[in-house]
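Novice: Numbering (this note's numbering), first residue to last: 170 to 787.
Since the hints were made in silico from the structure, they are not lab data. Among these hints, one or two may not hold up.
As the list claims (entries may be wrong) - Lysine-lysine pairs mimicking BS3-like chemistry, simulated, CA-CA at most 30 Å apart:
#, residue 1, residue 2
1, 214, 662
2, 662, 312
3, 672, 662
4, 214, 433
5, 312, 672
What the hints assert, rightly or not - Using C-beta positions, here's what the derived DEER-type ranges look like:
#, residue 1, residue 2, range
6, 419, 699, 54 to 64 Å
7, 418, 322, 50 to 60 Å
8, 418, 252, 44 to 54 Å
9, 484, 419, 40 to 50 Å
10, 638, 699, 15 to 25 Å
Glycine included, C-beta positions come from ideal geometry on N, C-alpha and C.
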Amino acid sequence: MALRKESWGVDNLAFDVEEHVNDLPREKERERRRSSFTSEDDQYKPTYCVTDVPPWYLCIFLAIQHYLTAFGGIISIPLILSEGLCLQHDSLTQGRLINTIFFVSGLCTVLQVTFGVRLPILQGGTFALLTPATAMLSMPEWKCPAWTQNATLVNTSSPDFTEVWQIRLRTLQGSIMVSSVLQVLVGFSGLIGFLMRFIGPLTIAPTVSLIGLSLYDTAGVKAGSHWGISALTMALVILFSQYLHQIPIPIPAYNKTKKLHTSKFYMFQIMPILLGIAVSWLVCHLLTIYNVFPSDPAHYGYLARTDVKGDVIGQASWFSVPYPGQWGVPAVSLAGVLGTMAGIICSMIESVGDYHSCAALSGAPPPPKHAISRGIGVEGIGSLLAGAFGTGNGTTSFSENIAALGITRVGSRTVIFLSGVLMILMGMLGKIGAIFSTIPTPVMGGVFLIMFGVITAAGISNLQLTDMNSSRNIFIFGFSMFSALVVPNWILKNQHYLDTGVKEVDQVLQILLTTNMFVGGFLGFFLDNTIPGTKRERGLVGWEKVDSGKALGNQEIYDLPFGITSCLSSQSWVRYIPFCPWRGHKSPQKCQENDLSPEKQENGHLPNVTEVQDECAL
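Could you build all of it, start to finish, from the sequences and the hints given here?
Specialist: As structure tokens, this is what we get:
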């Protein structure tokens, strides 16, 4: 793995090693870097950008942090599905489902970072497909038999019980696999790139913002299991990420040049979430040992104990490899296919917004059309794999981890790649994953309150490209957001009014109209493209600059790996492949220290985000 980093105004890496005092050139360079770091304009830029590679030990810590950030959201999906699959009293099968979804999420993350959109974006289960799945499993023909609700009557090893839950899971698998073909076609055919001509900030902003807003109930339920522990977790993460992020921790270091010396490690800036979880987890463990928390599940605060799922560790297997068709041959349900297709559409809209948010938080230019096409296509392949392996869900860009990029200021895709490898290993090591499953619920609730808030703000930040002094834009955004909160809430309280006489149509309409991000995104898309407005007013001018190809270095972040782009750059037919980057007969240039024009250098022009050319061969 080769790397060469160019300075572009921020050189505050995780470590700041003291130089020799009488080494004047290095001392001057250090002073320049220090002044650059402390400048107000640069202090909020990412410490590590997309192509930067942190030291290996930092990569490991940060990969664990992303794993823990995604853990709560990913593990909740199979636990929620287990009720509809009649698995409430089969914790061992629940553990296998958890291992499977982590294994597939890690596999899809590696594919996305390497061949997909190539941004530091982690793949995980999607709540957009959880809604149609629960709707399908709640249909009369799929309701669980009464005897499966009684723990004393359930024999988890009996063939009858196995067939009860497997036939439901196989039907869910087949529906997801068929629906995922739509996402693959939309992505790799370039149709999503064509749609990007009409999808602007006023579509992306409500879609992404409503992802965070729609999860307020989930965050509230988890945090409300013990508000004291949740408040402690929030206070620690805020303290580490916002107040102490510029305070270095001196640690001993050694190299051949300086021998034993002291380095400055910006621990609070790099690992605020991991530190917050670890400290709160330790506090919960101590309070559990001394029986401060109640031992009765009916009492408030019980979920703050660390021994709530103590039996899971003993029951989990040490090593098992998930494989396609492990639950049998998938089946197909028309109602399930139609419902999951609605979830796939929502997932694609969400992902387009996630790509732009991820690029902004990681210091990358907005993704070009070919990168978005690859990203959506790879996500479709991921959902196809998830259906084949039998997770009961698909895969999508995980918004919680995008929020973590903004808090930690580390946007390296190497970290996300390693996090994907870690999830693959966790999917095969059942007991390791079971240990992390003992993180108390209120600890994750405190993290979710911060994460979902940052997601909401990241979505709104897309509006900076638009003219928000325009009454047109204010109306579109405000109406889209408010309607997306009102309509789903009314539908959920008045489901009996939604009756067309066709069950499949009713299910699809209910799924669409109760999904906040779909309602807000659709209204934003429709109004933005029908109400007259200039491109500059709509915020489309800034995005079109990325696709114009005027600055070749802008798009190198999104090139295919292993020199594939270089090999294809001279082939004229590549221009007709929607998901392949093409630059005519110009071969991709390597970043040079003097890639600025002489005129800009004479004027003291410093390179900005769009002029950075970091090179990393993955």
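Novice: So, for every hint listed, does it hold in this structure?
Specialist: Hints versus structure:
1. 214 - 662: violated (44 Å)
2. 662 - 312: Satisfied, since the Cα-Cα distance of roughly 22 Å is no more than 30 Å.
3. 672 - 662: holds (19 Å)
4. 214 - 433: holds (19 Å)
5. 312 - 672: holds (16 Å)
6. 419 - 699: 54 to 64 Å: holds (59 Å)
7. 418 - 322: 50 to 60 Å: holds (56 Å)
8. 418 - 252: 44 to 54 Å: holds (45 Å)
9. 484 - 419: 40 to 50 Å: holds (44 Å)
10. 638 - 699: 15 to 25 Å: holds (21 Å)
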